[in-house]
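Student: Protein chains in written order, with this note's numbering: chain A, 2 to 243; chain B, 2 to 243.
There's no promise every hint is true.
Each pair may be met inside one copy or between any two copies, as identical chains are not told apart.
[What the hints assert, rightly or not] In silico DSBU-like pairs for lysine-lysine, Cα to Cα no more than 30 Å straight-line:
#: 1; residue 1: 158; residue 2: 70
#: 2; residue 1: 29; residue 2: 132
#: 3; residue 1: 45; residue 2: 92
#: 4; residue 1: 92; residue 2: 36
#: 5; residue 1: 92; residue 2: 70
#: 6; residue 1: 71; residue 2: 92
#: 7; residue 1: 36; residue 2: 196
#: 8; residue 1: 148; residue 2: 213
#: 9; residue 1: 54; residue 2: 239
#: 10; residue 1: 40; residue 2: 88
#: 11; residue 1: 88; residue 2: 132
#: 12; residue 1: 36; residue 2: 158
#: 13; residue 1: 71; residue 2: 148
#: 14; residue 1: 29; residue 2: 158
#: 15; residue 1: 131; residue 2: 92
#: 16; residue 1: 148; residue 2: 54
#: 17; residue 1: 54; residue 2: 196
#: 18; residue 1: 239; residue 2: 29
#: 19; residue 1: 239; residue 2: 71
Derived by calculation from the structure, the hints in this document are not laboratory data. Since the structure is predicted, the reported quantities are computational estimates derived from the model, not experimental observations.
Number of protein chains: 2
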Amino acid sequence: MVYKLFYWPSIQGRGEFIRLAMEEADVKYTDVARKPASKGGGVKSILNLINDKETAYPVYAPPILIIGKKIISQTPNILMFLGARHKLAPKNEDGRMWVHQLQLVISDFLVEVHDAHHPLAKSLYYAEQKKEARRRSFDFTSSRLPKFLNYMELVIKRNPSGPYNLVGARISYADLSLFQIIEGLRYAFPSAMQKIESDYPRTISLSARISKRPRIRRYLESPNRIPFNEHGIFRYYKELDN
Amino acid sequence: MVYKLFYWPSIQGRGEFIRLAMEEADVKYTDVARKPASKGGGVKSILNLINDKETAYPVYAPPILIIGKKIISQTPNILMFLGARHKLAPKNEDGRMWVHQLQLVISDFLVEVHDAHHPLAKSLYYAEQKKEARRRSFDFTSSRLPKFLNYMELVIKRNPSGPYNLVGARISYADLSLFQIIEGLRYAFPSAMQKIESDYPRTISLSARISKRPRIRRYLESPNRIPFNEHGIFRYYKELDN
């Protein structure tokens, strides 16, 4: 069966966490909204799902994954599903819950990354909240970012299977997500990251190893990897990069 | 076995979602941080866990639930665990994932509730971001709040088992969480809620039914229910209640 992913076609956004998991799992998927509208793609394909007047299981927001009759949404939920099916999470309950817990920390952090450039409202442009974004991003780079990276570094360091992955001896969807976070932070806050990366050697090393995994590298070098840009969650605004 | 919950002792916060699930399940639990420090309680009991220098499974933030050797954190993760064990979620995989998906929507929304009064930084006082909070809360009450309530109302309406619960014919942890959200919104935004509640009759009715369930009512009337206050997630500031 071929997975169908529905996500905004012009940004990496939350969809990228799902793409990375599917790429590493080497499963077949269609990135539906990136196909032309004439072939059932485009933003309309997402809105059709969200506004579906029949479904008993309405979705709140993309990413949305469809496989057979299953319609799954909310990024950590989709990743938990894929992780169990494609060996991107431990099999036992404690291990599954631990990976999920880490993914939820990553998910919460992602909101903070977004709100660093949009502290007042999603519905306003960046230019309309630039001054406030400066204040929020100062708190982000000086306080929230180190708190998050300290935690991830500690989790890798304490991993009983060795200080290489977040969980156990195998790669998990949380490792892939952490890689994506590091890449995004480097794009959005290059100066801030350059100053502090050396404080988190295990996190940076894990991220580098993930970028070199054959399936991930193939994907990153392909046109399927949308470049970071100023419409996504990770945005580069020089004045926010403290 | 007795559950041990660790959460900031002076607010409902995220801990309340866990408390409501445990109260409805009628399980025994100790609310550790609410005991005096001399008896191993207080905020110190939480900090000791977070700063534990030995554990292979560090926690990022409370709430934290301990049962036997399991240490579980992140609210939706704890609820998923409790839901499976105490019949507060469907048994089949699709049902479990659907409840969890709704809980993740609720969790994301809770961050928006918090940030309505703290748009710039958790580390600053409300008074230091009052002007910005007015702008953010205007967007919250006019746009984000109706979007969330519309969605919850739709989910209840479409429930194939009848328009009474979010999922299936039995109460789930997501129903309990939705009740808590409604109670919190009524406390924090009484005027805004009064204006729009009648647009969401199924949501309001579900919430009323939950408040009357014997175990929930017993809990709400007990001193164990911490009153809402201006240190928690839901805060009443007249100037933000549009």
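Student: Does the structure break any of the earlier hints, and which numbers would those be?
Tutor: Going through the list in order, the structure violates hints 2, 3, 4, 7, 9, 10, 11, 12, 14, 15, 18, 19 and respects the others.
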